[in-house]
Amino acid sequence: MSERAGWPLWEIFVRPKRGLSHVHAGSLHAPDAEMALRNARDLYTRRGEGVSLWVVRAADITASSPQERGAFFDPADDKVYRHPTFYDIPADVEYL
Amino acid sequence: MYGTDFGPDDAAGTGPRPPAPDEPLNAADAGIFDDLLEHDLRIEPRDEMPEAYRSTLVRQIAQHAHSEIIGMQPEGNWITRAPSLRRKAILIAKVQDEAGHGLYLYSAAETLGVDRADLLDRLHRGTQKYSTIFNYPTLTWADVGAIGWLVDGAAIMNQVPLCRCSYGPYARAMIRVCKEESFHQRQGFELLWTMCRGTDAQKAMAQDALDRWWWPALMMFGPPDTGEAATGGHTAQSMAWGIKRFSNDDLRQRFVDMTVPQAEKLGLRMPDPDLAWNAESGHWEHGPIDWGEFRRVLGGDGACNAQRLAHRVRAHEDGAWVREAAVAYAAKHADGRSRRRGSAA
Ligand SMILES: [Fe+2]
Ligand SMILES: [Fe+2]
Chain Z
1 MSERAGWPLW EIFVRPKRGL SHVHAGSLHA PDAEMALRNA RDLYTRRGEG
51 VSLWVVRAAD ITASSPQERG AFFDPADDKV YRHPTFYDIP ADVEYL
Chain Y
97 MYGTDFGPDD AAGTGPRPPA PDEPLNAADA GIFDDLLEHD LRIEPRDEMP
147 EAYRSTLVRQ IAQHAHSEII GMQPEGNWIT RAPSLRRKAI LIAKVQDEAG
197 HGLYLYSAAE TLGVDRADLL DRLHRGTQKY STIFNYPTLT WADVGAIGWL
247 VDGAAIMNQV PLCRCSYGPY ARAMIRVCKE ESFHQRQGFE LLWTMCRGTD
297 AQKAMAQDAL DRWWWPALMM FGPPDTGEAA TGGHTAQSMA WGIKRFSNDD
347 LRQRFVDMTV PQAEKLGLRM PDPDLAWNAE SGHWEHGPID WGEFRRVLGG
397 DGACNAQRLA HRVRAHEDGA WVREAAVAYA AKHADGRSRR RGSAA
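Chains as they are written, first to last, in this note's numbering: chain Z, 1 to 96; chain Y, 97 to 441.
Pulled out of the complex, with its shape left as it was, chain Y reads as follows (with noise of 0.2 Å):
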């Protein structure tokens, strides 16, 4: 979710189609895969490649791509009422950039042999998942403030270290896409800012939006996954594979401690009796999270899971004019110009 691979696609037998390189794998090479990895050099979309490393990075790119476009909607639901025309501008340009970066990422999938449309279906069939975050309603303007702050600072937290990723494309998309994520979390802390400094009423807004927002944008690293955990996942799989590169329970931890400080500075109140800062191990530590919440959204019991996944059907199925518009331009179009051609020889 947001660049946390968490777990196998539903349904079987819609799994990702086999690789479809441009050319035959050449067995001779099959030692230069580990030989990259141990070095820490990059794979590219032609190198030879074990099948659970081509099939693990699909799912997590795929799923990782449709919480970027999923993720345009609770906030977009808020772009015509946003109090400003400033505000207003810095929430198109976000949630524009949010589907850019389902773009780049679409991009990267289709360089390990899938096709775009056939994972958008995988998604409108919901057989892929995508962010539990996005389930959730945004019900105040608030929202609009701590999803910039709470939930882009996690995926920040999660997409920094993917930057490193061994697969070459995903890593450059999330340079891209890391760089554009500063301005979502700042306009996100800047518009609690503001509304913490204004009225009580405002306040008390701001204040409600944390208590929602907190323990889903932890939920977003996905499951505990260090000590006990540390043989149920994929974590360690994940990490031979340079895919990951810190555990789950790391970067939430690194999250909570970037965050609370912030929090203070807003004067809120952080929704944990248990919170408490350990002066021995330098770490902020939190009360325990709801995980069976995090699984019954993930199996499509959030409050909106069944909404978001309607409207983007129905955004693509009212696209589709448009889409074949185009088609048919392109092919009147590419027509006109054979024909000038040939008429000139």
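Pulled out of the complex, with its shape left as it was, chain Z reads as follows (with noise of 0.2 Å):
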């Protein structure tokens, strides 16, 4: 049977340690979650890189379209109030 058809493809997230979040490391391909992980072990926390590990198969990620990039992010670009810098505060006000 060739990789193609049986072995899918899963996408690896490491919990660097405690109070950190599960961040993107990079991807493999296993026949199951179970050696998903175990690979993933082996390939991406050789040198003690993570306390945690997430596998998630590659085919149930929705992501967003690159193509869309600009409509689907361009309503956050003219929302410059929601930045703390927008507000004119006197330069003697401690705190703030």
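Think of the hints as simulated: they come from the structure by calculation, not from any bench. Keep in mind that a hint or two might mislead.
Capping the alpha-carbon separation at 25 Å, the derived lysine to any residue pairs in SDA-like fashion look like this [unchecked claim]:
no., chain 1, residue 1, chain 2, residue 2
1, Y, Lys275, Z, Asn39
2, Y, Lys428, Z, Lys17
3, Y, Lys428, Z, Ala59
4, Z, Lys17, Y, Lys361
5, Y, Lys184, Z, Lys17
6, Y, Lys275, Z, Ala59
7, Z, Lys17, Y, Ala267
8, Y, Lys428, Y, Arg410
9, Y, Lys299, Y, Pro319
10, Y, Lys275, Y, Val256
11, Z, Lys17, Y, Gln192
12, Y, Lys184, Z, Arg47
Stretches of chain Z that chain Y covers, calculated by requiring three or more beta carbons in the stretch to come under 8 Å of a beta carbon on chain Y [stated by the list, open to error]:
no., region
13, 31 to 41
14, 81 to 90
Beta-carbon label-pair distances, calculated as ranges [said to hold, decoys possible]:
no., chain 1, residue 1, chain 2, residue 2, range
15, Y, Arg260, Z, Arg15, 23 to 29 Å
16, Z, Ala58, Y, Arg260, 25 to 31 Å
17, Y, Pro357, Z, Ala63, 46 to 52 Å
Glycine included, each C-beta is placed from N, C-alpha and C at the ideal position.
Dock chain one against chain two, each of which comes alone in its own frame, and use the hints as you go.
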């Protein structure tokens, strides 16, 4: 059986240490979730890079479209008042 | 080779498959690629990109990946004969790292719409290249040191600039690889440093390893690509695309400048009668490289080409039952899970 037919692609997320969120580290092929976890352990945490792993089937991820990047993220562009630097505060007021 | 693009694949018609992006490309967005490059921003997998950029990357990343896994062989030969448990553990860890580097790189290549199984097929059929350096034999234990020191050293020199490569997944793979490579180089130097302080026979063995590996290591940076040679190869285009950041010749020069004092420290003699310090340029100048030898080894006529490929194919075929068993187990398991879910409903 070819790899293409048999081994799905998994995306690997590593929590580097307690208190931090899982971060995408890369991907690998594995026949099932359990093997994906074991392979991810060997591939992405050989030097203590993580304390927790997530493996997610790449096919299960829904991504925003790069082509619609403009229209999709534009709504945030003209809302500068969402940032603290937008506001005019007298220079001598403390703790603001 | 180890991050140097060294020419097209061998057989015509076996080139990369056409792109298989998740979505049709949007012609209205056509300017974005140049725009991103101009601002030194990264290209990501689903971005619109010229086909030539994509196929160049596929070729280079695949060659790089193949080099990593074929590169396990020359050193792997010595695992059972390592002189101490410490050296054996180090060597196993290094060879395992190289397998990991291969996997990072195959993953990076796959983001460009190719399939790892296809790339391996092409390696096995001999239509896609890997670094010529691994077609030289490892005759003595000192060769393990020389490989770490020189071959991994040259690889680092090539790979560090690739951490800023314009293609995001390749650059990210390189960052991971470079972090791991520094131990590879250091353990090699330490090995030779130990031998050079040992018996006369051990020191002679270290010298012999340097004599055999020095010139092939210099060839790892690829043919000359500056001065008169600037127009011949891929360098100019790769640089314009932000894939390559420095010329082969620049990187080679840096490697020579870095390595000559290290050889002095070891008390070893560089096998180059023309090697001379140029006070004006502030660089070590080396003698002529035998590019005829490079082309011969690249073309299949190295000491170990056939052996490396045969070993690789055998390992792949011998492992087929494991891959099949894993798939069968996964399928059986998945059936069980869905049955359990079904009965609970
Ligand atoms: Fe490597
Ligand atoms: Fe290495």
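Going down the list of hints, with the structure as the test:
1. Y:Lys275 with Z:Asn39: 20 Å, holds
2. Y:Lys428 with Z:Lys17: 35 Å, violated
3. Y:Lys428 with Z:Ala59: 21 Å, holds
4. Z:Lys17 with Y:Lys361: 40 Å, violated
5. Y:Lys184 with Z:Lys17: At roughly 30 Å apart (the allowed maximum being 25 Å), Lys17 of chain Z and Lys184 of chain Y break the hint.
6. Y:Lys275 with Z:Ala59: 30 Å, violated
7. Z:Lys17 with Y:Ala267: Holds, at roughly 24 Å.
8. Y:Lys428 with Y:Arg410: Roughly 28 Å between the alpha carbons, so the hint for Lys428 of chain Y and Arg410 of chain Y is violated.
9. Y:Lys299 with Y:Pro319: Measuring from Cα to Cα gives roughly 32 Å; hence the hint is violated.
10. Y:Lys275 with Y:Val256: Holds, at about 10 Å.
11. Z:Lys17 with Y:Gln192: With a Cα-Cα distance of about 24 Å, the restraint between Lys17 of chain Z and Gln192 of chain Y holds, given a limit of 25 Å.
12. Y:Lys184 with Z:Arg47: The given pair, whose Cα atoms are some 18 Å apart, holds under the 25 Å limit.
13. 31 to 41: holds (count 3)
14. 81 to 90: Coverage by chain Y is violated for the region 81 to 90 of chain Z (0 residues, Cβ < 8 Å).
15. Y:Arg260 with Z:Arg15: 23 to 29 Å: 27 Å, holds
16. Z:Ala58 with Y:Arg260: 25 to 31 Å: Between Ala58 of chain Z and Arg260 of chain Y, where Cβ atoms are some 26 Å apart, the hint holds.
17. Y:Pro357 with Z:Ala63: 46 to 52 Å: Holds: the Cβ-Cβ distance is about 49 Å, inside 46 to 52 Å.
Going through the hint list in order, the structure does not satisfy hints 2, 4, 5, 6, 8, 9 and 14.
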